[in-house]
Structures are given as structure tokens and as C-alpha cells.
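There are 2 protein chains.
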Amino acid sequence: MGILKFSVPEIFLGRNSMKYAGVCARRLGAKKIFFVSDPGLESTGWVDAVFDIFDHEKLKWVYYSDISSNPRDSQIEEGARLYEKHGCDVVFALGGGSPMDAAKGIALVTSNGGRVHDYEGANRIQKPLPPMVFMPSTASSGSDVSQFAIITDMERQVKMSIISRTLVPNVSIIDPTLLTTKPRDLIIAAAVDALSHAVEAHVSRLAFPLTEVHSLRAIELIMKYLPLTLEDNSLANLEQLSIAGTSAAMAFSNASLGIDHALAHTLGGVLDVLHGIIHPILLPSVMRYNLPKCVDKLAEIGKVMIGGSMGSPEATALAGIEALENYFKSLGVSTRLRDIVPERSKIPQICEMATFDSCLLSNPREADAEDMMSICHDAW
Amino acid sequence: MGILKFSVPEIFLGRNSMKYAGVCARRLGAKKIFFVSDPGLESTGWVDAVFDIFDHEKLKWVYYSDISSNPRDSQIEEGARLYEKHGCDVVFALGGGSPMDAAKGIALVTSNGGRVHDYEGANRIQKPLPPMVFMPSTASSGSDVSQFAIITDMERQVKMSIISRTLVPNVSIIDPTLLTTKPRDLIIAAAVDALSHAVEAHVSRLAFPLTEVHSLRAIELIMKYLPLTLEDNSLANLEQLSIAGTSAAMAFSNASLGIDHALAHTLGGVLDVLHGIIHPILLPSVMRYNLPKCVDKLAEIGKVMIGGSMGSPEATALAGIEALENYFKSLGVSTRLRDIVPERSKIPQICEMATFDSCLLSNPREADAEDMMSICHDAW
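Same order as they appear, the protein sequences are chains A and B.
Be aware that the first sequence starts at 236, since it is given in this note's numbering, and climbs by one per residue.
Be aware that the second sequence starts at 236, since it is given in this note's numbering, and climbs by one per residue.
So here's chain A without its partners, still in its complex pose (with noise of 0.2 Å):
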């Protein structure tokens, strides 16, 4: 075993946690917030909400909203030029990944410099950022938790991977209030985004006990709410998915992902979709791909799905894998690739693209473009 390395925020989580927003920002030193939150926050009055939290705790603050569902390289460079502009000292960020990522990437650039794109790639970031406080709207991208921040370069039509320790933010907020608002289809994304988180970390290479743990135990949480919650949307449900949501965080920030977020973010950066939406096609794909290499890893797996053991560590991973398929089609969300990708011709393109992408490497199994393309194939 070489040296693990584990590290999270200080994570308040609870109903209404959300009145820490301002005393978390002033303990680490605000007199003016660089707030990012995006247009859909506003419309709910969660954005008003935080305003007065401020404002009650006599805090200044600058308020940026123009991110787009997958965060571009310019609207980082607009950000933190406002950043700077006005003289701001600590950054606040309410909304799903792609607020969160945002304001991880203002905060890079008007710490160290240059452009975003000179971070591709995992630790890469040399000088301290300034403190970052989250609130996360949605129970899964564990981007308040996470050393990951997903950028588009527009340019490259690429979801760039910035991965640094330096990136979890100093404290995550996590209100499962504020899941109340979100629609059926995107608390589906959501909680699917982070059981993708759970099923990737769990196998990675650089999985260990201190990240296994969390691992395991949000698939199990997800696999039990998310369909309690989309028969009734109560706050005992929504806190165990929002559990579920860190559990997964806290172990993919640790352990790192695999090929399904490789290709993910590759399609994504390609095809401008909802993130949470490719993985119920791709993930058992990608996972009967790995069994070689990670059989009683995905037996664990398939011990959580089918609630017991078949025969052989193989059978009770194939059966999970099964299940899981099942699971998926009960949510009534795409499972095929074909439903998404407009061209099949595309593919070619896409793989080779997600060689690029650091989550390969901690892949159970290596895997090159071909590889790559027989799983996009055997999900097509």
C-alpha cells in the first residue's frame, strides 16, 4: 500500500444549515463575498435567501451568475477579473457542479494566474486559494466536497479535469431543504451522478478502507431512496440522499473515477448534455468491461444491489451489474447511447478525446480509445 492521501472539508449538513452561510464566510476572514450562483438558483429564491444571510451578518458581496450548465473557460476569465475588480477575499458558491466548478476556477485563476486551462490535469496548482465556502443545490456532484473542478475549454469542445487538493473548498453547506425545489428528471441526474461517483470510486485503483466505507454505503443509500424520494419528496428523504450525495463525494475526491466519467466528460464537453443523464447508459458498460480486473470489488457491489450473494464473487458482480440496469430502466431514464449521440460516427472521435481525461488512470482496467469504443459500442 504507497501513501493514501484523504481529505475533506468541514461539512455542516442538516435541515436549515443553510443560516451558517454567513458566519462560515466571516470565521474565514470575509468582508467581501464573490458570490456565483446561476439564473435557475435565482428563479427558486434560494439566491435571496443567501443575500439576507449576508446582508444580516453585515457582509458586502458581489454577485455572478452568468454560468452556463457546463461551465466555460470565459466565464471563469470574466469571473475572476470581477473578482479582482472588486477587491473581494472570499468566494461563496450556491448551485449544482457547474456554480461550484466555477467559482473552483475563479478562485484558481485570481490566486495563481494565467489562464484555467494551464491547470489540466491533477496537481497542478501551486500557490493557496482563497478560502471557498459551498452550498450545493443538488445531492450529487460532490463538487463541495471534491478535489475536482470540470471546466469546458470551448475551443477543444472539452471538458477539461482540474484536480487538486487545493480545491475542496474550506467548508460545504449541505441543506437538503434546498432539494425541495428541484424537478423530478434532475433529482434523478443527480442522485444517478453520485451513485456513478460511488460505483467508480469504490473500484478505483487508488480505492482504500478510509474511502471504501463511503463508497459502499452511498450506493446502498441510493439505491433505497433515490426511489423513496420520487414517491414523496419529504425532507427525511431528501437529507438521506443528500447523505448519500457527500458519502459519494467523499470517496471519488479521495480515490478518484474511471472510464464512464472519462467518456462522460468527454461527451459532455462534445454534446453540451446534462451530465447525470450518460451515465445509466454507460456505467454498466463500463463496469462489465473492469470485472477482470476487480471481481470481488464488484461482488461488494452486487452484494449491495441484489442484497445478497450469488455462487461466486462473479455471479453476485454480474447480478449487481443486472440489477443495476434494472434500477436504471425503472427510473425511466435513456439507457442507450443512441438515445444522446446524434451520429454514431462520432464515437471514434469521442474516445480518442477521453484517452486524454486523468479519471483513465485510476481505472481498475487499462483502457485505450479501442477499448473505450467497444464499451460505447456494447452501449449503443
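Be a bit skeptical, because a hint or two may be false.
Note: identical chains are not told apart, hence a pair may lie in one copy or across any two.
PhoX-like cross-link-like pairs, simulated, lysine-lysine; straight-line CA separation at most 25 Å [stated by the list, open to error]:
hint	residue 1	residue 2
1	K267	K528
2	K295	K266
3	K293	K254
4	K581	K528
5	K320	K528
6	K293	K320
Note that these hints are calculated values from the structure, not bench results.
Keep in mind that this is a model prediction, so the values were computed, not measured.
Got chain A; can you put chain B on it based on the hints?
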């Protein structure tokens, strides 16, 4: 569910992770390190090894080792005086719970003023502490991960529990190589301490999913790897005990403890015995006392202890307690209170004092002095 808080340091875990000691201190702004250890560690050569690492990094240091096995208020005051006199900026601790808790006390007094007694109890620290980097030499106390510091008030002869999120060190460097120089009895005392952390945290009123996965895994690992380590003191086995101790600490730091620790702190204050030897004596009796209030949680523990389930949760829980008693007996440690308390007449005073310990607040079943006396008599 209320608002849950989860806070752990950045963790480096693995063989030779010690090499990060200087780098981590420097990253936190160190120019002159206040280095706390104890004479026992000096004789193993690990103190010299750390001097070399600091010298190699061109970091200055002041060394302080006047720490007894239950660190005393006066030792904290002397340490704080030296810290200020020499203008130190980062606190580094190498050792078991005693040097680490002492280092926390010194960091606390030097930044917040007054006496360490002023902060007894939960959440009484107002100002930030200097950065702390800890390197544990036992796989147990969890002080390197936790929000706790235990300091003896010599006048009152009581171990004070000081609990605050600001007592979580910035970095914990967990190098199992350090355990290779530990004698058998200290390996046992340490692992048993970690086991008691995990059991009490698991049934705590403050337990929640992010802590429960760690408490349960810690129990599983210690049950398996302590006996293996006593047969073969290999790095692979010691590594698993390190992971177990860290998991247990992640659980108890965020979920707190219970009656076993309230009594252990008081016994330790009055008798000055090694903390780890108290748990085999008290823990099974405490679990039996708690049973009516946490059957399901104790059944989860029982399932790990016996590797399966009995007819009912209560039967599984009781079988687990019995298995734990047999486990302690197999280790050859004292399992009766009469072995360590010279006079039975001391018990009422000890139980009276224990009612003031903060750990009592999170115990699943309320207990007054009389209840604790019945536990002590059960364990006599």
C-alpha cells in the same frame, strides 16, 4: 435529524509518510516549529528522525518533551511559555495521546490566553489556534484526528475533556512504521482504546451515517488485525491497525463518546493508569447498561463481532458483548475493576466526578452517579 457537523484533518497515511512532516509544516507557514514529544519516543530514535527532516527542510524548531503519560495542566503552561518566548508559529506533535493532547493545550493557551482550565467542556474556544501538524506513534488515541484534548487538572485530580472543532489539527501524518518500535502491551492498549472509541461512537446519540461507516469498519478491522499483529508484527498488519484507529477517530471525533470514557477519564485522573487498560474492564458492562436504548446499533456491532446474526437483534447484541469479553480475555489483559482500583470505597467518588464529563452527554442512555456505580459494581 438536527444539523450534523463533520470535521477531519487532511490525512497522509502509509509507510514512510513521515517524510511529509517538514513539507506540511512549511505549507502552513512554519518558520520556527514548536515540536512536542516525550522521552519514550526519544529512546526509539523517531524524535531524531524528525529533527533530520526539519533540518533537511531548513526549518527551525524548539523541542519540548516534559510531558507525562497523562499530560498535566502545569506542563501545558510551561509549554505555552516556551512557545511564546521563542516566537514559534506552528505546533508539531509526535507521540501517543499524551504529547498530542499536550500540544493542543499549548496551541490553545498560546492563542486564546488564560489557563487551559478555562476551556473545559464543549465549544468554549473562541479564537483560531496556530497551525498543527501531528504524527501519531500509536494507532489509537485519535488525538491527531479528533476535536478532543484531555488534560489533567492536578489540583482536582480530574482529567478535563476539552472539545472544540478548532482542536482538529490541520494535518495528520499516520506512518505505521512508527508502530514497529511499540511493545506488545502498548499495541494492545492502543488497539483496545480505538475499539472503545468505535463502539461508543457507534451507539452515541450524535452518530450519523458519515460517522457510522467508520465506527463499524474500525471494529471489524481491530477484531481481525489486533490478533494477527500480535502473531506477526508486520507493516501490513500495523497498517491495518493504523487505518482502524483513524476510522475510529473520525467517528468519535464527530459523534463523541459515552459512559465508558466518562468513567475512564475520571479513573485516569484519580489513579494515573494507562488509559487503554481501562476499557476491557468497563466497556462490556457499559454496553449491557446501554442495551435497552440502542438494541439495533449494538446488534450491528454484534454482527461484526460474531460474524453473523442470532434470532433477534437483542440476542445478536448480547452475543456480541459476550464475544467482546472473550476477545479481551484472549488478549491476557485485566478485565475486572478490582485489578486496577485499590479500594472499592473509591468508586462512589469516581462516579460522582464522572457525572461532570462531557462524554456523558452523548451516551445513548442517561446515567447518574448511581447508575455508573451499578456499572462499576458489575465490572468489579
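We went through each hint and held it up to the structure:
Neither within a single protomer nor between protomers do K267 and K528 lie at most 25 Å apart by alpha-carbon distance, with minima of 50 Å and 48 Å respectively. When the C-alpha separation of K295 and K266 is checked against a cutoff of 25 Å, the pair qualifies only within one copy, where the shortest distance is 6 Å, while the shortest distance between copies is 34 Å. Only within a single protomer do K293 and K254 lie at most 25 Å apart by alpha-carbon distance; the minimum there is 14 Å, versus 44 Å between protomers. When the C-alpha separation of K581 and K528 is checked against a cutoff of 25 Å, the pair qualifies neither within a copy, at 29 Å, nor between copies, at 60 Å.
For the homomeric pair K320 and K528, neither the shortest alpha-carbon distance inside one copy (51 Å) nor that between copies (58 Å) is at most 25 Å. For the identical chains of this complex, K293 and K320 are intra-copy neighbours only, at 21 Å inside a copy versus 38 Å across copies, given an alpha-carbon limit of 25 Å.
Going down the numbered hints, you'll see the structure goes against 1, 4 and 5, while the others check out.
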